[in-house]
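**Q** Place chain B on chain A using the hints.
Residue numbers (my numbering), protein chains in the order written: chain A, 1 to 349; chain B, 350 to 636.
Hints listed in this document are in silico derivations from the structure and should not be mistaken for laboratory results.
The structure displayed is predicted, hence computed values, not measured ones.
Do not take every clue at face value.
[Claimed, not checked] Pair ranges (Cβ atoms, derived):
(1) B:Gln590 to A:Ala255: 37 to 45 Å
(2) A:Leu296 to B:Ala442: 28 to 36 Å
(3) B:Leu587 to A:Lys245: 20 to 28 Å
Think of the CB as a built atom: it goes at the ideal place given N, C-alpha and C, for glycine as much as any other residue.
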Amino acid sequence: MSKVLQSLFVLGSTHHEAPLEVRERMALSADKAASLQQELHALDQIRECLVVNTCNRVEIYGLATGPQVEDTIRNHLCACNGVSRELLDTHSSWHTNLDVLQHAFEVSTGLDSQMVGETDILGQMKDAYAKARKAKCTGSVLNRLFEKSFQAAKSARTQTAITRGQVSIGNVAVDLANRIFGHLRDSRVLLLGSGDVAEKTAQSLNSRGVADITVTSRTFENAHTLAHSLGGAAIEFDDFAAQLKRFDIVISSTAAPAAILDRSMIAAALKQRPERPFFLIDVALPRDIDPTVDKLENVYLYNLDDLSTIANENLELRKAEIERARTILKGYAWTLWLQLRRRTLLARK
Amino acid sequence: MLNEIALTDRDAFAIGAAMYSAAFLLGMLTLLVRKSYSHSITFILLSGGCLLQTLGLNLRSAEIKACPLGNLFEITQFICWSFVLLYFIIGPAFRLRLLGFFTAGLAAVLSTVSLVAPGWDAPYPPGIFGGNPWVELHAALAILSYAVFAIVALVSAMFLIQQHGLKNKQFKGVYQYLPSVQQLDLMAKRLLITGVSVLSAALVCGAVLWIHEPELVPSFKLAATCLVWFGYLVVVILRLQKRLVTRRHALASIALFLFALASLWPVQSASETKLDATPVEPSNSVQ
Chain A
1 MSKVLQSLFV LGSTHHEAPL EVRERMALSA DKAASLQQEL HALDQIRECL
51 VVNTCNRVEI YGLATGPQVE DTIRNHLCAC NGVSRELLDT HSSWHTNLDV
101 LQHAFEVSTG LDSQMVGETD ILGQMKDAYA KARKAKCTGS VLNRLFEKSF
151 QAAKSARTQT AITRGQVSIG NVAVDLANRI FGHLRDSRVL LLGSGDVAEK
201 TAQSLNSRGV ADITVTSRTF ENAHTLAHSL GGAAIEFDDF AAQLKRFDIV
251 ISSTAAPAAI LDRSMIAAAL KQRPERPFFL IDVALPRDID PTVDKLENVY
301 LYNLDDLSTI ANENLELRKA EIERARTILK GYAWTLWLQL RRRTLLARK
Chain B
350 MLNEIALTDR DAFAIGAAMY SAAFLLGMLT LLVRKSYSHS ITFILLSGGC
400 LLQTLGLNLR SAEIKACPLG NLFEITQFIC WSFVLLYFII GPAFRLRLLG
450 FFTAGLAAVL STVSLVAPGW DAPYPPGIFG GNPWVELHAA LAILSYAVFA
500 IVALVSAMFL IQQHGLKNKQ FKGVYQYLPS VQQLDLMAKR LLITGVSVLS
550 AALVCGAVLW IHEPELVPSF KLAATCLVWF GYLVVVILRL QKRLVTRRHA
600 LASIALFLFA LASLWPVQSA SETKLDATPV EPSNSVQ
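The following block holds chain A by itself, in its conformation from the complex (with noise of 0.2 Å):
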């Protein structure tokens, strides 16, 4: 029964382990992170695998028939996205059995995220759960872990205040753009790749009345359809970096495994408008624009993890309301955690 239990685990490197600079060095791709999966799936000692990954983790959460499997799932995790084990090891963390329970419960609530509260992590966790399903890659334990989470998740944020108060990127990006601008109707939006975030972004400032968007991306037809939704206009990938010096706020989001904005291009576009600022916003990972662009003259340059810090600032107000969160989410770990011994238990009489 116990033998079971002990082998539940979840590895995973998040934005309390590691900065940002080592999280892009962790990113996966979308293909690299189904791939990945597969291939622990695959393995002889891995009943069930859920690989989870957002902008700001990469998890592997799994049922292993022994609890030696550390090692293994560690270093397929090196290979997959090309990183050394020690800088692995430094910067993740590893939990087991009730532990686990406990950390997807609150990482599916928002309490885990780095905007604390914030409601896109569940749809993401959602949506990595209904792909490994999809590949036969869980099963009862990671079924029932997972489709409790979201049930736990929904009563955390019914019965506390975590969401109240809660602001999000683009509201902070609003902010941010009215301290630069003043105000944003002459400003022109460029954003770049079609990002959630991104997207989320441009909509707030949107709502706020700037001039007018502009959306690339490396397909052209994502860029368009975005852009219809946005009442803006698409324009080609190649084109964007001719055009930067038209626009004001730059949001970029692309899937670009390098920078695709650097400081060179960015100072030759300020040339040819001196006068007027350039608040880039850089929601990817890996990032999207070299940081030593910050330093140019009336350019302001604003991460993830910029834009999270500043979100956060109200987050002692929210403090008794989180640890409210966490108790009730300890009851349904407890709870769920007793109904998978009780069920390996009846299966093994």
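**A** Chain B alone, transformed into the frame defined by chain A:
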């Protein structure tokens, strides 16, 4: 009517300075403890300070029967009064948040320093303008240009603070009340052009006197005045050519205003020396 007031001119200036200081300290306190900043209280205290300064200048004017611009104390009080008055036009019209707080700070420092600095309120012979309307116009315009440059320096300081906050990812406290960097930068540019235009007009008026009676204008005063004007002119030209923008423009504006203020004391000393040495009816004002 002014004779019936129980206050002396210096009392009125002192209470005015206290009100400016109160506006600044109260604003500073609310910003430090991150309480909601009250624009109304600052506005009321600044208005009170300005009214008392107006009263002080009127009392002094009645006493000397001329515009009170005869010594460093009076010039400093007049500049201070002028930029506070200018704030009442610019602040509400352009909705520059916290400009009142910064105006109160500069007004408090200048008015207090002029009150406590020994020898600044030295007596001087009557009839300093000698009934020459060009000198009076020169003095009035020069004071107005200094008031504009004071506001430019304040707006530039606000720009640097807001930029520092944005670059260092600071979100709370004073940063959330300051206007945007672009708004501040644009305002500094417009005001600087206005200030240089007014100072140029003041110099043209002063030149009329200088052409007719060159011995009445000390050469040190002339050189310092021209240096201040030239400095501001260079900054304006570079700004219009977009070669001196944002941070460097703000730093240059602050440095020039400090230089202009610092040059007042030696310039005024040179003028007083000239007044003592010249047997003819003296003529003097600010730079």
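**Q** Which numbered hints turn out to be false for this structure?
**A** none
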